[in-house]
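Visitor: So the protein lines, in turn, are chains U and C.
For the first sequence, the positions run 6 to 403 when the numbering used here is used.
For the second sequence, the positions run 6 to 403 when the numbering used here is used.
Please keep in mind that the hints were generated in silico from the structure rather than gathered at the bench.
The C-beta atom is built at its ideal place from N, Cα and C for all residues, glycine as well.
There may be inaccurate statements among the hints.
Computed beta-carbon distance windows for the label pairs [claimed, not checked]: (1) L349(U) with Q346(C): 52 to 58 Å; (2) A84(C) with E77(U): 45 to 51 Å; (3) A84(C) with H266(U): 40 to 46 Å; (4) E77(U) with T393(C): 30 to 36 Å; (5) P290(U) with A323(C): 32 to 38 Å; (6) R28(U) with P289(C): 53 to 59 Å; (7) A372(U) with P289(C): 52 to 58 Å; (8) V56(U) with R174(C): 27 to 33 Å; (9) P290(U) with R28(C): 55 to 61 Å; (10) Y340(U) with P290(C): 25 to 31 Å.
Cut-off 30 Å, straight-line C-alpha distance, at most; resulting in silico cross-link-like pairs (DSBU-like, lysine-lysine) [claimed, not checked]: (11) K264(U) with K175(C); (12) K312(C) with K336(C); (13) K175(U) with K175(C); (14) K175(U) with K312(C); (15) K175(C) with K264(C); (16) K336(U) with K312(U); (17) K336(C) with K175(U); (18) K315(C) with K336(C); (19) K336(C) with K264(C); (20) K175(U) with K264(U); (21) K264(U) with K336(U); (22) K315(U) with K396(U); (23) K315(U) with K336(U); (24) K336(U) with K264(C).
Spelled out, the chains give:
Protein chains: 2
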Amino acid sequence: MRIFIAGIDGYLGWPLALYLSQRGHVVAGADLFLRRQWVAEMGSASITPIVSMADRLLAFAEHYRQPLAFYEGDLRDYAFVEQALREFQPDAIVHLGEMPSAPYSMLDVQHAVFTQTNNLVSTLNLLFAMRDVPGCRDTHLVKLGTMGEYGTPNVDIPEGFFEIEYRGRKDTLPFPRQAGSWYHWSKVHDSNNVMFACRMWGLRSTDIMQGVVFGTRIDEMNGDPRLLTRFDIDQSFGTAINRFCAQAVIDHPLTLYGKGHQQRGFLPLRDSMQCLTLAIENPPPTGDYRVFNQFEEVYGVTELAHKVQKVGRELGLAVTVHNLENPRIEKEEHYYQPDHQRLLDLGYQPTHDIESEMRIMLVDLLAYRDRIESLRDVLIPDIRWDGTRRKVGFIESQ
Amino acid sequence: MRIFIAGIDGYLGWPLALYLSQRGHVVAGADLFLRRQWVAEMGSASITPIVSMADRLLAFAEHYRQPLAFYEGDLRDYAFVEQALREFQPDAIVHLGEMPSAPYSMLDVQHAVFTQTNNLVSTLNLLFAMRDVPGCRDTHLVKLGTMGEYGTPNVDIPEGFFEIEYRGRKDTLPFPRQAGSWYHWSKVHDSNNVMFACRMWGLRSTDIMQGVVFGTRIDEMNGDPRLLTRFDIDQSFGTAINRFCAQAVIDHPLTLYGKGHQQRGFLPLRDSMQCLTLAIENPPPTGDYRVFNQFEEVYGVTELAHKVQKVGRELGLAVTVHNLENPRIEKEEHYYQPDHQRLLDLGYQPTHDIESEMRIMLVDLLAYRDRIESLRDVLIPDIRWDGTRRKVGFIESQ
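One chain only, chain U, in its complex shape (with noise of 0.2 Å):
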């Protein structure tokens, strides 16, 4: 199949690439680059030394002996995108190409109002696309959404539609959407137009409801570090266990949000690549949107903060764990209970050897202490939800 990759120079776009290139597809993909420059505005950097796009293709050519198109251009510009699709003519695309993080689109207005645009254009602009190239109509969207769309209701979270009866009738809707930071609201209201441009306009879509994604490395690298994929820290592109092992390197306490009694779905990188290759290779029928929760299993964060301590002192490193005041507003107490059977259906084989993954990343991440030290300074998150920016302080743990 050939497959366009939006967002191919992230954390989940470069292994995409190598993955579905390893299975035998034609693999293209775009990027602008403002990863590099959003981490770089949290006074961050990758902790794996990640190379350029040109370096980075030199290496996939000499690996993969294949072709890698790569477009530089803005997602925004509908033009680009235009000229990418009529130029590649996928038979999926996959779009990586969003702002993903939750507290960066929280820091202030100017923030809040970029996440925002710039998530729904590039995706109204890859739907009008589809619609109007030549020979794209009939192409699969795979579109990354988030499990944090939901938010964390008090019954249990079905694959984006249910069955309700209300007032003695009854009727198939999509699920209700709670989601927590400005950032997954843009991913309700991506949603919400992808829905729609599938049912006006006989689009196809999978939309990927997806956990907390953590690793540092696929098979498919080959060992070769210019295949790496970026691996962050900071406080709004590091998530949960890729900063809880970062953190257990430097001997830094590991650092739970409030109470530490969140849970939420997770899954390692490898499981990534396999759930949205599985979509990809099994595309629904013309004119259906569906939606997958993909995740592996369902944690708690101070569950996962012990694994990692666990782990660690098996590797020789002194791991403490400390609650943090939680910068966010939200429920620190909930039920969750989220369906996931879809994927599992389709052949879905999950890790479910999480501790394996985590030393795996604690031997990698030891190879780069100097660079996690020289960050340290990072670690701790500033941006509050009620709009203040100033280091949370340690509490109690609870």
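Starting from the known structure of chain U, arrange chain C on it as the hints suggest.
Guide: Relative to chain U, chain C alone:
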């Protein structure tokens, strides 16, 4: 109360300024006059000859002998929004400053992107200004949504939220939205953003899911033609009853889209003013996000066309009703039972004499027969939901 009307030059904004001033409130408003441009872009113009804002303000001063501060500027410019709120210090903001047309938003990718970014950014700017401008944290945002956010589900439509039982557990959740155009989705996105801001920051808002408004006047125009509001009849900015009345006075068939069995909530312009004022004068508690469904009654569009026909014939007009090919993709037969209790509880007294209102409209519009005749071409739509643009044809009534 001090009330700031965003979009004060529009169909609802201008009469609301008069209505509120008559009741003793102090009004200010902002506009960039985009509505005048959009209608011109549709090849049309207001049937009522509206004067410049300078002349409107002069007439206002003559009749009302109180200040009306006008801010010309772009609500997408945060600095503009911030300065206006800082200066005026409103108790309430009525946000009518959005692009309000479904067909206009469906024209092409540029219009879809414009609609969603214009509407979202203006609302985000107002929310952040309410949070950050000293003295505005407690300001009440009256945000105009639309009944079209809900679509036409097969169950009753509550006012914003509903309690459900799902797999044996209960929760109160936002009612799922199923909008039918990029414009309507922009309103859903806005509603979600406003709900989130209230939850995060303790702002307060009333989100008005308004039905289709019709009418040429309210009493507070005092018979002065300079105080008239605009009246549009083109496919994008002219809505059902207004368009029917314009068609009736030039002997053009009243045009129903498709079978004409669609049902919608409608209300006269004077009821819209009454309802908005009730919402303003009865603000919710700080931190509350409440939703009102705002309409007088649900009518079938065929039924309304026949009412216009009846009243028109009483006035000596030869009125016919014809079905057109439907340019939209929408359900033409559907269940429709939306709640609308909350405004009644606050004291809303519906006009309920829709035929009297139609008579006033027809008499008013007969004075502009030549203007309507000169715009006859804009009465048949050509913007289709499938992305093509060509005039729809007449079909047999069904």
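Visitor: Broken hints, numbered, in rising order?
Guide: Of the numbered hints, 1, 2, 5, 8, 14, 15, 20, 24 do not hold.
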